[in-house]
Amino acid sequence: MLKGKNVIITGTNRGIGKAMLEEFARNGANIWAHARVETPEFLAVVNALAEKHEVKIWPIFFELTDYEAMKTAVKSIMDSKIPVDALINNAGITYNALFQMSTVEHLRNQLEVNFISVYIFTQYISKLMVRRKKGSIVNIASTAAFDGNSGKSVYGAAKAAVAAMTDSIAAELGESGIRANCIAPGITETDMLASMPEAVVAEAKATADMRRGGKPSEIATTAVFLASDLSSYVTGQTIRVDGGIR
Amino acid sequence: MMLLGGKTAVITGCLQGIGRATMGVFAKNGANIIACSQHETEEFSACVKELSGGQRVEITPIYFDFMDDESIKQAARTIQKLNRKIDILVNIAGITRDALFQMATTEQMKTVFQVNYFSQMLFSQYITKLMLRNGAGSIINISSISAIDGNPGQLVYASSKAAIISATKTMSAELAPRGIRVNAVAPGVIDTAMTAIVPKEAMDRQMHKSNIKRIGKPEEVANVILYLASDLSSFVTGQTIRVDGGIG
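Heads up: the protein sequence lines correspond to chains A and B, in order.
161 is the number that our numbering gives to position 161 of the first sequence; each next residue is one higher, with no gaps.
267 is the number that our numbering gives to position 21 of the second sequence; each next residue is one higher, with no gaps.
These aren't lab readings, by the way, just hints derived from the structure by calculation.
Please note that the accuracy of each hint is not assured.
Here are the computed lysine-lysine pairs in the DSSO-like style, where the Cα-Cα straight-line distance is at most 30 Å [stated by the list, open to error]:
#  : chain 1 : residue 1 : chain 2 : residue 2
1  : B       : 463       : A       : 3
2  : B       : 446       : A       : 3
3  : B       : 274       : A       : 52
4  : A       : 215       : A       : 52
5  : A       : 134       : B       : 295
6  : B       : 274       : A       : 81
7  : B       : 446       : B       : 463
8  : B       : 415       : A       : 133
9  : A       : 134       : B       : 446
10 : A       : 205       : A       : 134
11 : A       : 75        : B       : 274
12 : B       : 459       : A       : 215
13 : A       : 127       : B       : 459
14 : A       : 205       : B       : 274
Since this is a predicted model, take the numbers as computed values, not measurements.
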């Protein structure tokens, strides 16, 4: 579905990002696979996937808030002269704390990692896309951005900021041939879940229409859809991939 | 890649527009199709024949009238007798009667709701019964952005399409626990016979409102329906996805 397309995915070391790496490779995309730090395990995964699916995977590394390192990575993408067809901003960190307990440090850290770094990185990459008048940007938000979950006042706000930014990007860059959409995952089976109280997770699963949590690959396939030409008339949208939470 | 290989889909409103495009996209992706249309035309039969031959899928046309409950019941029985495992239902058949709020007649309201809501629910009830036997499936309803945004002159149509969004959520709540996902798409301005009657200035205005500054093609809506019908959306249910090039 993505044969011959070149895609940047952030946060591919684990969880949803790792599943994206697999789904995008399986669908024939060449990938710049971002992780915060280089490890032999990560490189092994990347090489195995590239070989298995006969695609190119170029690892790139930077801490999300290290803007100098980010710039260097962007420059390497630019210097490669390979056009960027899609950007999947997946990397993020979770944070659970009651409203009364959240500190200024937590607020700053969450917004810095989950929002500002996404904003800056997207600025860089969209510039490359505008030159070709073509591209798809997919941001990972969260149902917590819309539903108001207990303990998620900071994380939810940062993800709501991502969703608002996405809408504005869609409005500004639509004329330049760039689409921008969000995915709002619900309860997804990743390490992030471990940070949430068990009872809350169990309750959320029991009340979802599908009565279960999502698999990382199920978020990844929606990202494939939004990156692909199947969604050529879809922009400025947030798609909830949550098994039907109400 | 074939996203619907070996699956069987019931699609209503196949005669033209989004329904016709969906039939084409589904056939290309390997689905066998029970193609519902109000009536037979030579052109439609030829299209069915060409698609089934070219894509090596089975397309079974069925003709019935969405204004007539008995005709719908007959069609459901015919489908049941085909004895196929039904994986997908796409409810596309729909009509519009445009009129300003002060001018809309109850006759117009009844006609539009008969086709867009009552008949669609009745038909879905029948087909869902067949789908529940497999404990798996995907239903896709067609709404409209006018249901969410409001649109002058489309009181009746927009209201009927809002009912579809609501029905989609409740159907999902009831059916997803039993393995059937239910979602809707809300198309914006799409190049079909339904929008051909809209004055050019109004179309231009709409087009300018969209982020990507053009109207949509029926295939672009069909591709989103394909996503919702396929396993790509295996954890998506109860949603309404706007396919509008970015409006509002």
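Against the structure, the hints come out as follows:
no.: 1; hint: B:463 x A:3; in the structure: holds, 23 Å
no.: 2; hint: B:446 x A:3; in the structure: violated, 38 Å
no.: 3; hint: B:274 x A:52; in the structure: holds, 27 Å
no.: 4; hint: A:215 x A:52; in the structure: holds, 22 Å
no.: 5; hint: A:134 x B:295; in the structure: violated, 37 Å
no.: 6; hint: B:274 x A:81; in the structure: violated, 34 Å
no.: 7; hint: B:446 x B:463; in the structure: holds, 17 Å
no.: 8; hint: B:415 x A:133; in the structure: violated, 37 Å
no.: 9; hint: A:134 x B:446; in the structure: holds, 28 Å
no.: 10; hint: A:205 x A:134; in the structure: violated, 38 Å
no.: 11; hint: A:75 x B:274; in the structure: violated, 40 Å
no.: 12; hint: B:459 x A:215; in the structure: violated, 36 Å
no.: 13; hint: A:127 x B:459; in the structure: holds, 20 Å
no.: 14; hint: A:205 x B:274; in the structure: violated, 36 Å
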